[in-house]
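Participant: Each chain is listed here by its residues.
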Amino acid sequence: MTPYALAAALFTLGLGGMVLLPNLVRKLLAMNVMQVAVIVFFIALATKDGGRVPILEPGETEAIAADFMNPLPHTLMLTAIVVSVATTGLALGLLIRIWRQYGSLDERILLSRLRGSGDDATRHGAGDDATRHGAGEPPR
Amino acid sequence: MKGILVLLAGFALLGVGLEALGLAAGEEHHGGFWNFIPLWDFAFGFVGAAILGLVARGLLKPLLARSEDWYDAAEGDR
Amino acid sequence: MNPLDWLAIPPLAHPGLWLALGALVTAIATATGVLGRRAASAPGILFAALAVFAASRAPSGSVDFRVARFDLVWYHADDLSVLFALVFSIVTLLGLLYGAHRLGPGETVAALLYAASAVATVLAGDWITFFVFWEAMAITSVALIWQGGLPESRRAGMRYLLVHAAGGAALFVGIALHASASGGVLDLGRLAATGPPFWFLLVGVGLNAAIPPLHGWLTDAYPEASTTGAVFCSALTTKTAVYALLRVFPGAEILVSLGVAMALYGVVFAVIENDFRRLLGYHIISQVGFMVAGVGIGTELALNGAAAHAYSHILYKALLFMGAGALIEATGRRRLTDLGGVFRSMPVAAILYLVGALSISGAPLFNGFISKSMTLSAAGEAHFYFAELFLSLAAVGTFLSVGLKLPWFAFFGKDRGIAVRPLPVNLLAAMAITAGLCLLYGVRPDLLYRMLPFAASYDPFTAGHLASNVQLLVGAAVLFALGFRRLAPTPTRNLDADWIYRGRPGRIARPLVTGARALGPVAQAVRSGALTAANRAIVRLAAPGALATGAVRRDPFSFRTPIGRTVLLAAMVVGWLLLASRL
Amino acid sequence: MIEALAGLLVALPLAGAALMPMVAVLRRRGTRWLAFGLHLLTFAAAAAVFARTAATGEAIAHRMGGWPGPFGIELRLDGLSALIALLVTGLSCFVASAPVDASRGATRRASPVREGLVRGALSMLVAGLVGIAATRDVFNLFVFLEISSLAVYTLVASGGGRATVAAFRYLIAGTAAGSLYLLGVGFLYGLTGTLNMDDLAARLPGVEADAALTAAVALIAAGLAIKAALFPLHGWLPDAYVFAPAPAAGFISAVMAKVSAYALLRLLGETLRGIPAGAMALETMVWLGTLGVLVGGGMALAQRDAPRMLAWSSVSAMGAILLAVGIGSPLALAGALFHVVAHALAKGCLFLGVGGLAETLGAGDRRALRGLGRRAPWTAAALTLAAFSMIGLPPTAGFSSKLLLLRASLAEGGPAGVAAFVALLASSGLAALYFLRVLEGIWFRPRPEGRPAQRLPRALAAPVLSLAVLVLLGGVFSAVVEREFVSGAVEAVAGATADER
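Chains as they are written, first to last, in numbering that gives the first Met the number 0: chain A, 0 to 139; chain B, 0 to 77; chain C, 0 to 582; chain D, 0 to 500.
Treat the hints with care, as some may be off.
[To be verified] So these bits of chain D aren't anywhere near chain A, every CB distance computed over 12 Å:
{"#": "1", "residue": "A10"}
{"#": "2", "residue": "R75"}
{"#": "3", "residue": "L149"}
{"#": "4", "residue": "R161"}
{"#": "5", "residue": "A172"}
{"#": "6", "residue": "A175"}
{"#": "7", "residue": "G177"}
{"#": "8", "residue": "L179"}
{"#": "9", "residue": "G183"}
{"#": "10", "residue": "L290"}
{"#": "11", "residue": "R436"}
{"#": "12", "residue": "V479"}
[Unchecked claim] Computed from the model, here is a short list of chain B residues facing chain C with C-beta under 10 Å:
{"#": "13", "residue": "G2"}
{"#": "14", "residue": "A48"}
{"#": "15", "residue": "Y70"}
It is worth saying that the hints were derived from the structure and are not from the lab. Where a beta carbon is used, it is the ideal one built from N, C-alpha and C, also for glycine.
Chain A with its partners taken away, still in its complex shape:
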């Protein structure tokens, strides 16, 4: 039961963090905790009392399936970890760009900025392309 409780605790923690923490880096970390919880859950599914790693010992010729832990969840989780790493990497990249652009990683501040500049005042990309206003268009 313990690993499931751990998974549940981590998942709740991650979920709560994503909901409550306004700082985007912390939100991202909470998201990672949540992903780890799912991984723990899958691994817990695979375990078995007295189960072995599904690799034959040297000299062993016969394998009895019942002795082994289920290897499939582990392989699945390898893929899930890759996905998680990719997502985190992309997210960190985005965060660097957000930081450069806004100088803040607090979602509340960012949202007020998004709103404050108004949707119709400037279109997106004002930061990397300030010349996008058409000729003769006075910036409003």
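Fit chains B, C and D to the given chain A structure using the hints.
Facilitator: Relative to the frame of chain A, chains B, C and D by itself:
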């Protein structure tokens, strides 16, 4: 002030008289042995109040008393 | 059929229904402007009177209806529940009368709903209904505390809400454990005082009963409520918990020690308290301790004593809080150190307060005496000698601080020449009626005894009982007369259990508070969003040009909600599906 | 032979995703045409697969790596999957034909890195979406979901500036969705020991663990509902659609959420059908979809910014599609799928057109579109057609799909059906209000003084026009569309479930 003292003395007499009345009527008593001590409740009322006052003022208050805005200061960084 | 006989038909006999109707009528009448602000409590008083009438003749029996696969018993009347429903209704009526000169619509509605929830809680016949109204009571009482109107009321109310949410969670877990252990039996009946369900239920109910160390919310929040709000608060929440204990855990011995501890704890803290409403709050804890101990003793006499004491307590504690409120209204001060010598300026209120003080102290011929000595006798008869001794000690302490210290330093003592505003008639009338009830039951205890759940007979007016009480009070009075200078209040704040969440440890839980605060803007957004939407829709239809010309400049619909809210909503969808599929 | 095409459908764009950045760095000018060719090739493969399934009525299956089922991952395209694949690959061609920064003016060219990144992400997105449509393995579905999501985050973020924030918020919501879904898959695997949808469907009726099964369904439904932007889980959508660069926004708004809706249909409507929790999830979806239709429409009406208005109307449209999926009758599914197609074409057209114009003008205010009718009548006509389709006016595809949806909700009856019917009608009314306001500006108002001339770059104008023509054709030949495209797809789902009953 004098009136209050007279009042107290009157009530004290009433207490004594009622206890005597109860004894005379042969009412049953329950409880610990102390309930059978004559005029126990006078003593208990006096000593009990003294103990409570001592514990509260002498023991708890030095430990627990804070300035009135203590929590405001503690929560100041909200 | 006499029109009033309709009130004897179960759906209409539910006093909570009338209180809730009163809230509805008040809300509609004030919102539509039919009723001015000044008369906001008028319909409430009328409906509370109806509730009192309904409760006084509520027929025994149960009414249930089926929801999902549960039979919910929303009306379960027997002697015990009707007793509480009646006194709740009475105190609601008196409280509304007391505050009639200053109650606004919001506070009236909150008070009526709070009382309605409390009444519905004690009339609930199963755990689910009980739980629903129990939680409703927490929410409505917070609404009432928030009506105190000060920033500190808001913050204390928020803390109160969080603590009660935690208690509600414990209660819910307890109910769930009990239901699964008993195979789905949800009737509100006597339970064994063992195992996890008991502990969870004890924490959940004990929090509302303010059993230390779960009492911090009470002394934290009640002094911050409005003068009227405190009257309702003092009467309802803790007594509902006493009712629950009476119903579910009669004879659980652990309650004896808990109750005795409560009684002494409240008294000791009251001795060093300066804010006089907080002092009275500590005495709620102390007095509830008598009732909890009575429940724990568990004999018929003890249970009768606990129920009777709850009934008496509601009346005299309401009277005391009314007196405290009158002090605040007349002087604008709330600390003993700021007061002194106002007896001459407000003698009527002071004397009425003293009636309450003598009641709570157990002076003969007042209603505290007839119920308190019942509990003490029961303790003696059941051989809980030390419980009896310590409860007597608590009674001494009660007299010391409520009967001697508070009136001495507030009404008598050093005259500080405080300017006193005259008190309105309705306030004094409510106090007088309450004091009259205290005296009435003190002189005619049979009026109360015949409503009690058990048939055990008891005569409080034996010479021994009278002598014992008179002697105790005189002894304490003599001590006070000798040493009152040492008991003088000081302008300090005493740390108590609320330090756990207000002091340093509380910072660990700060994210929880942040989370709860996040709900505020949601409600605000829904409200303002809906209003603005309606407004803009009208503008669009009536004057399409207004938008184009910039008459409506700000665009409220370009808002963005934090992305965490999407995640939260997803979690709620999961929760809903889990719940809905199981029903 | 044709079985290999099923694998190729995923492999081809995936290879493209790896190839594009390299090609872009080496030889930028060719990248656009290479991408276009690749997407066209994928589309051809999808068309071939679709034609085969439509002709034979049988699915085309491919086992990856030659592993036998149920161990291997199975790709299988039945009528429904093939329709989705056809739609995705087809629309990707329109977008791929446009330069990366089409709307940023002729003088500005994307840097090679940017070119490669955006083109690669688009390829990856197509691979992920086609993969979702094709796979029969629930874990593999998760992988494809995340592949497509990663690509979308990149595409949105390529808008720069505020789009980065939108992309990050999308990423948080999307990954939370993925985690919820994956957890649900874990429950399913723990209960049945299989990940194959057919095996699951076969084994689940014998599973007794009630609570765990409920949890699985709830988690999967909630996870996919975020990705499908089911109200009230649509928080990520408006910003992501509005701030993404116009070509990307055109594609994303057309297919992204709809493919997740497809996944919901596959799992809840097919694999998990018959489980009480699944029925409850579908019922909840009907109600939430109904709410979404109304709220999305109302919010769209309240917007002043034209792309934002389109984004909110997408929330409304997703509500309509998902409520039909929730109803689940063959008629409703036909309506849902027709609406998927019609809305994809029309919304793609609108986002490419309006979004592109807004970007060239540097302003999204719908007043910026005033006078477009005189300046660029063809573009204006195309947008008008697409708007008619969004409202549901004949003779456009939107009319036919709305009609099907209305019929389906009426046939469903009950409070949910009636509510859905009323909401759908009301949403048409709302859409009429907000689109006619724009159209009135386009056709009857003069261009404001001091405004720059609006003109859609030719590279965007071509897709806009062709999509509008398709919208019109879909409406005129709606009977053909329904018979040839939709009915086969409906049979793939409803037929299977009918067999079970």
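Participant: For this structure, which hints from the list above don't hold up?
Facilitator: 3, 4, 5, 6, 7, 8, 9, 13
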